[in-house]
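Colleague: Build the full structure now, drawing on both the sequences and the hints.
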Amino acid sequence: MAAAVIQFKVEIANLQAHLFRVTLTVCNPAPLQRLSLPVWIPGSYLVREFSKNLQHLQAHQRRRKLEAVQLDKCSWQVASNPAQPLVVSYEVYALDHSVRTAWLDASRGFFNGTSLCLRVDGQTDAPHEIAILPHAATKTWSVATGLAPVKVSKNGFGTYLAANYDELADCPVEMGNFWSGSFVACGVPHRFVVVGAPASFDGARLMADTRRICEEEIRFWHGPSAGQNVRVGDGKKSAQGAPFKSYLFMLNAVDDGYGGLEHRNSTALICNRKDLPRLAVQTMTAANANAAPTKQSDGYTTLLGLISHEYFHTWNVKRLRPAEFASYDYATENYTSLLWFFEGFTSYYDDLLLRRARLIDDATYFKLLTKTVNQVLQAPGRKVQSVAQASFDAWVKYYRQDENTPNATISYYTKGALVALCLDLSLRAESKADAAPVTLDHVMRALWLRCQAGPMAEADLAAVLLALTGRSWAPELAAWVHGTGELPLEALLLGAGVTVLKEPSQMAQALGLRVTESTAVQIKTVLRGGAAEAAGFASGDEWLAVEVPGPGGAARSVSRWRINKLDELMFYAGAARKVAALVARDKRLLTLPLTLPKADTTWRLVARDAKLVAGWLDGSGG
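Under my numbering, think of the first position of the sequence shown as -6, with each following residue one higher.
Please keep in mind that the hints were generated in silico from the structure rather than gathered at the bench. Just so you know, these numbers come straight off a predicted model, no measurement behind them. Heads up, a few of these hints could be off.
To be verified - Mimicking DSBU-like on lysine-lysine, the simulated pairs with C-alpha atoms at most 35 Å apart in a straight line are: (1) Lys517 - Lys364; (2) Lys604 - Lys288; (3) Lys132 - Lys45; (4) Lys2 - Lys58; (5) Lys147 - Lys132; (6) Lys360 - Lys495.
Claimed, not checked - Taking CB as the label site, the calculated pair distances span: (7) Leu494 - Thr462: 28 to 36 Å; (8) Cys20 - Gln515: 51 to 59 Å; (9) Leu487 - Ala99: 53 to 61 Å.
Positions of the beta carbon are idealized from the N, C-alpha and C atoms, including for glycine.
Modeller: Structure below.
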């Protein structure tokens, strides 16, 4: 790799003030050198205005101070001498616990390049060097990053190199007194660092389970021989496997949090501290590696699903990616209609591959799938917005949710996962009985090869489906992806050996509400077409009490009952179908006439035909 002509130095300016100090050296500046900070980070589709945290920007060449003229919200221009290095220094405020920006306090540091590193106009394709310096107050800290080390200490402080700005931006940095573990999956070294873990944390279990996820996914994309040395054309041996030399998981365990952001050879994760595996749970050993998983909490299952999801993105969105993302524009929104594929199909496979890795059983898988199905079926927005539209509108709708979001939009994660489910089960159902089935697994691997692990369009998916099955899938894609009709879930699940049970829903869903409950019922969302909307409920209302007519509907014997939870409603209403809700809105007390609805239903999926279910969940023919 060529010597870096763009050099960054990152150091701690003030731990208590949460300030990083960044020094940028441009070895060969332009006469009018433009600099800019990204307004968004790839993988999280919202303009976040990272420049709001930048302050005290100064520029100079040797001892001569230069004026940095601000051009817009995130760009500056400096008139410089091209024969001399241009040095720009500034501070960045960092106190965002999320995986998208930056954090700095006395116990931990973290940053993404998009939050700290200015882009040098005209030189973003040049090699970039970043020096991460230690601080007197953080002598025991270590550094973890996916960047290539040039000269670093045993704790990881020192100089790293990126091929270009995109690589620098795509390799976040973790600093602190973190727990660290490592393993090898299909010949590839992996490292896992965890911040905030309690003494009960079972690191060995997390390593063993994560390794099984990684091996399952590497082999999903590259076949059962992934990581092994195989013969190539001239008789030489070549290792076949993952498209990265090493991989890093960075997990921040907090009191209350959840999320992840994928990167080219790493991922940043955040989870509830209580969801970490605990030493009281038996760890997997080589002797029982293929046995049924030991009992684990729902929270830990959710964490494993997050790990599976973000690792799958290493292929599906970081390399195989929307054609619109072939080159990122960091200054504005980058639109695509394909998030239903890149996020939705990843959401389909994250739990399915946990099942194939034997980290969850069939019952747990169907519990997770049931949740996804009900999330879609209970969102009126599925009839308003197609999943392709939801992808395009992510910038203004999915990442800007409000009380009307469930009525106007649909999640490209959840409905996209169900589109993948329908496509997978349809492919399997159409396969000839005397031949190995064509599955969605085949489609994903064929897309990887067709697009050369690069930009992809919906036309590529249509072409692969045609090539593998001999027929056009345009009608299905038009209906499922670009339409707002119901997906053929029940029929396809029945054909795959799964029974759909319809059970009474919870009271909030039956009424058409989403609420929080404590000393009173607080209305968060009023769902379109429900009984609560007909009664006149509004987001923000506080439901205080219910007024119920006496026996026989006698108006003179009305009873008023204070309610703290919706489950109390039917207890007080009894056989009455018409009641009055007493709500507080803007300090006013209102009485809303409410007609109680007939029982609504929710789905529950259970395996009916073990052989059919096993063929699907085990990936037979895939």
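Colleague: Now, for every hint given, state plainly whether the structure supports it.
Modeller: Hint-by-hint comparison with the structure:
no., hint, in the structure
1, Lys517 - Lys364, "20 Å, holds"
2, Lys604 - Lys288, "24 Å, holds"
3, Lys132 - Lys45, "30 Å, holds"
4, Lys2 - Lys58, "19 Å, holds"
5, Lys147 - Lys132, "12 Å, holds"
6, Lys360 - Lys495, "14 Å, holds"
7, Leu494 - Thr462: 28 to 36 Å, "32 Å, holds"
8, Cys20 - Gln515: 51 to 59 Å, "58 Å, holds"
9, Leu487 - Ala99: 53 to 61 Å, "57 Å, holds"
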